[in-house]
Amino acid sequence: MDNNNKITDKMIETEVPIGIVHSAAIEPYRVRLFVEDEIIRDAEVTVGVNHRGIERIMEGLPVEKANSLTEKICGICSNSHLWNSCLVAEKGLEIDVPPRAEYIRIIMEELERLHSHMLYLAHGSEVLGHETFAMRLFYIRETAMELLRMIGGNRVQYGASIIGGVRPRCDLNEMRIKKINEGMDYIEEKIAEFADRFMRDPMVMSRISGVAAITRKDARRLATTGPTLRATGIEVDLRRDMEQYEPFEFDVITQDTGDVKANLLMRIFEIPEAVKIIRQAVKDLPDGKITNRSWEMQDTGIIRSYIEVPRGELYHSYSIEDGRVRSSIVRTPSITNVNTMEFACIGTHITDAQLAIVQCDPCFTCTDRAVQIVDHPLKKNKNRI
Amino acid sequence: MKFVVRPQHIVSLGGYIVEVNFPYRNMIVVNPTNEPIKVDLPIFNTEWIEEHRKLGLDITPTKDEDSFLRIWRKEKAKLEKIKERSS
Chain D
0 MDNNNKITDK
10 MIETEVPIGI
20 VHSAAIEPYR
30 VRLFVEDEII
40 RDAEVTVGVN
50 HRGIERIMEG
60 LPVEKANSLT
70 EKICGICSNS
80 HLWNSCLVAE
90 KGLEIDVPPR
100 AEYIRIIMEE
110 LERLHSHMLY
120 LAHGSEVLGH
130 ETFAMRLFYI
140 RETAMELLRM
150 IGGNRVQYGA
160 SIIGGVRPRC
170 DLNEMRIKKI
180 NEGMDYIEEK
190 IAEFADRFMR
200 DPMVMSRISG
210 VAAITRKDAR
220 RLATTGPTLR
230 ATGIEVDLRR
240 DMEQYEPFEF
250 DVITQDTGDV
260 KANLLMRIFE
270 IPEAVKIIRQ
280 AVKDLPDGKI
290 TNRSWEMQDT
300 GIIRSYIEVP
310 RGELYHSYSI
320 EDGRVRSSIV
330 RTPSITNVNT
340 MEFACIGTHI
350 TDAQLAIVQC
360 DPCFTCTDRA
370 VQIVDHPLKK
380 NKNRI
Chain Y
0 MKFVVRPQHI
10 VSLGGYIVEV
20 NFPYRNMIVV
30 NPTNEPIKVD
40 LPIFNTEWIE
50 EHRKLGLDIT
60 PTKDEDSFLR
70 IWRKEKAKLE
80 KIKERSS
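Chains D and Y, in that order, are what the protein sequence lines are.
Using numbering that gives the first Met the number 0, the letters of the first sequence correspond one by one to residues 0 to 384.
Using numbering that gives the first Met the number 0, the letters of the second sequence correspond one by one to residues 0 to 86.
Keep in mind that the hints were calculated from the coordinates and are not lab data.
Because the structure is a prediction, the values reported are computed rather than measured.
Do not take every clue at face value.
Here are the in silico distance ranges between beta carbons for each label pair [claimed, not checked]: (1) D/22 with Y/34: 15 to 21 Å; (2) Y/34 with D/294: 48 to 54 Å; (3) D/255 with Y/85: 51 to 57 Å; (4) D/71 with Y/55: 31 to 37 Å; (5) D/180 with Y/72: 52 to 58 Å.
Examples of chain Y residues lying across from chain D (beta carbon under 10 Å, computed) [said to hold, decoys possible]: (6) 11; (7) 25; (8) 58.
Note that CB positions come from ideal geometry on N, CA and C, so glycine has one too.
So that you can see chain Y by itself, here it is in the shape it has in the complex (with noise of 0.2 Å):
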């Protein structure tokens, strides 16, 4: 299955993952990039998280003892100023 991440958005996969044998709770993908990135999902292991780097996302893999929201606000700052840059 493929899911579109839209330019300069963030969005959070948690829900797309199978868990088994998968040490990370959440996701945070931002796509800083002024285009749209296919992923694959379910996320099975953790290798889809190089691979997906590599297609130009920033991934913030997130464990049970990590505050998502903390780490999401700060993903999101980050974002925004990349789009301040850009526009």
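Chain D on its own, in the form it takes in the complex (with noise of 0.2 Å):
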């Protein structure tokens, strides 16, 4: 046709860079959209700009410091890290754990779901522009936020979690079990009012359904974790086949589509499941001591632990020599996850960029924990890490 109306093959490229600091992330990284049309074609999640090397600082540091280290990866799963440390210590020094503090170390992690969920769900309302959702959702998150730092002494890392056991100020008395189960009565009673309110509100779910949609397949082959496996319909949770849950009886949560609406509703539904685990806990809690301090430091090989955390598979892994930590390796979920991020933003419209994002729950802080040694300015030859 050789008129005005032509249309060209060859399109404009365009690439819209988002970050590294920008309004709607929570967190720095740098996104390049690749966009045609607006459609976007090609997306690339550059990390490391918040670099403080723990695994490195965690070589040849005593086991217990080691440890308490890991706690500083994550302000939102600072919980998971310290526990899975700890799990590291005890699978390979064989140190039996009081059945009072696993129950009470359970009770610690699905309060740091509860917390983990609520803050997704908030910063995703929020990327909707559904500011009063987020809002009100940061309201209910309170009252997992004063649980824990009732138990831990904390609102962040709470150092709940020793080698063998939990520590004396985690121990649970009868003021605070009623306290829980008086959190977890309001919690599943919001919960449930924002979720009838979210799910029906024409608007939120006519911007979230269909959007950034991954299928089965993509997930398995991007190694995608947590909810947004799930999210696709992939029945995959290690809680399942960690033998602290045992006691418990819940549900794996699953949705089939995929988007963003799956993902959202995946850590609604998430919610009482962790609530049901939380009362359960409290109300069969063993009596007994909560530490065992009956074991004796050994030599050993290298060590592997993994366990299901809010945002998926957390892998904690390292050896012990003459006391001290060799060779420690963490693989938090989100290095996946960002992956599967990348991948859902291809296809969709620039506007669902944000959204396609954070539908994968990324936490970037947990990601960046590369080594890099930089001159320190006051010593000469030396180097910090």
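Could you use the hints to bring the two separately framed chains together as a complex?
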């Protein structure tokens, strides 16, 4: 056709950069979106602006110190890191953890799941432009945060787990159990109200249905993990295989579509399951001591431990030599989920990019722990890690 | 996901390995050049090593039985020499 309406074969490609610092992004990361006619054709996520080199710092530290350092990896899932790091040592040194301590650890972990999922939902609502939902969720989340503070003494980095059990300050008495039960009643009621309102909102539903969908095949190929994997319909939850969760009954929630809606609903429906676990744990809390101190340090080979944390599979591994940590590795769920997030952007409209990113619940603080050695400005020829 | 290895820096990428069908425990990566180099993460297979060596990175994979610290120090010493020569 030789007229003014001719559609040329060659489209103009545009790059839309987001970040490193952006109002819609909580953490520092850089996204490059390669756009054709407002549709994202390719995406690139770059991390690496927040390195702390925690694994390298752990190298050679006494095991107890190294364990408490893992807590600093993330502010949201600090308990998960500390718990898993302690599990590595307990597995290697064959330490039996008292049942009461196991139950308290589960309570802490599930409380952390509650606050993490509510944070995710609030952030998702904020990106959707629904600040009322976000504020409402943050308000409900306060209950979980206060319960964590009550048990651990801090709103973040509670320091609950130690090798062989939990710290004495984390033991539960009748007053604490009553408060936990009251908190669970509140969260259950408010989340049910929120879920009802959320799912009946036609504007929100139209904005999230069918957006940035990931298929089961792609999720497997990209090693997606956690709720993001379960949102595609694949029923994988490490809690099913963990002996610590054996006494508890709970359902593994799945969704089918793998889109933003499925991801948001996954977290909404996982909240009552976490509440169910906490209720069982406080109801059947065993009597007895909370720490086993009768163990001896010895050298071990490489020990590995996998647990299910709010974002998916968390892997910690190290060996022990003269009471010190060697060859430490931490793999957080976000590392593979960031890849999924990159993939989810492709084919979506540019306005849905941030939704596609947020739906995978990435934690860049967890992801950015690689080692970087920089010269110390005050010490010549010395390196700071 | 991309990860930037800064010029004349050393990083270990053990926490970025998806260890299914991957024989190595850790990966010590040195960027001896004066330019930042972007690497693709996570690491799924051994082809990653050759692909990234072509970009100019020195990559030393370590296994379970290797002493990570010893190899790390060796690689770091090599990097220090490169730094001295270029400064």
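Comparing the hints with the structure gives:
1. D/22 with Y/34: 15 to 21 Å: 31 Å, violated
2. Y/34 with D/294: 48 to 54 Å: 50 Å, holds
3. D/255 with Y/85: 51 to 57 Å: 56 Å, holds
4. D/71 with Y/55: 31 to 37 Å: 33 Å, holds
5. D/180 with Y/72: 52 to 58 Å: For residue 72 of chain Y against residue 180 of chain D, whose Cβ atoms are near 54 Å apart, the range 52 to 58 Å holds.
6. 11: 5 Å, holds
7. 25: Holds: closest Cβ of chain D sits about 7 Å from residue 25 of chain Y, inside 10 Å.
8. 58: Hint on residue 58 of chain Y: violated, closest Cβ of chain D at ~14 Å, above 10 Å.
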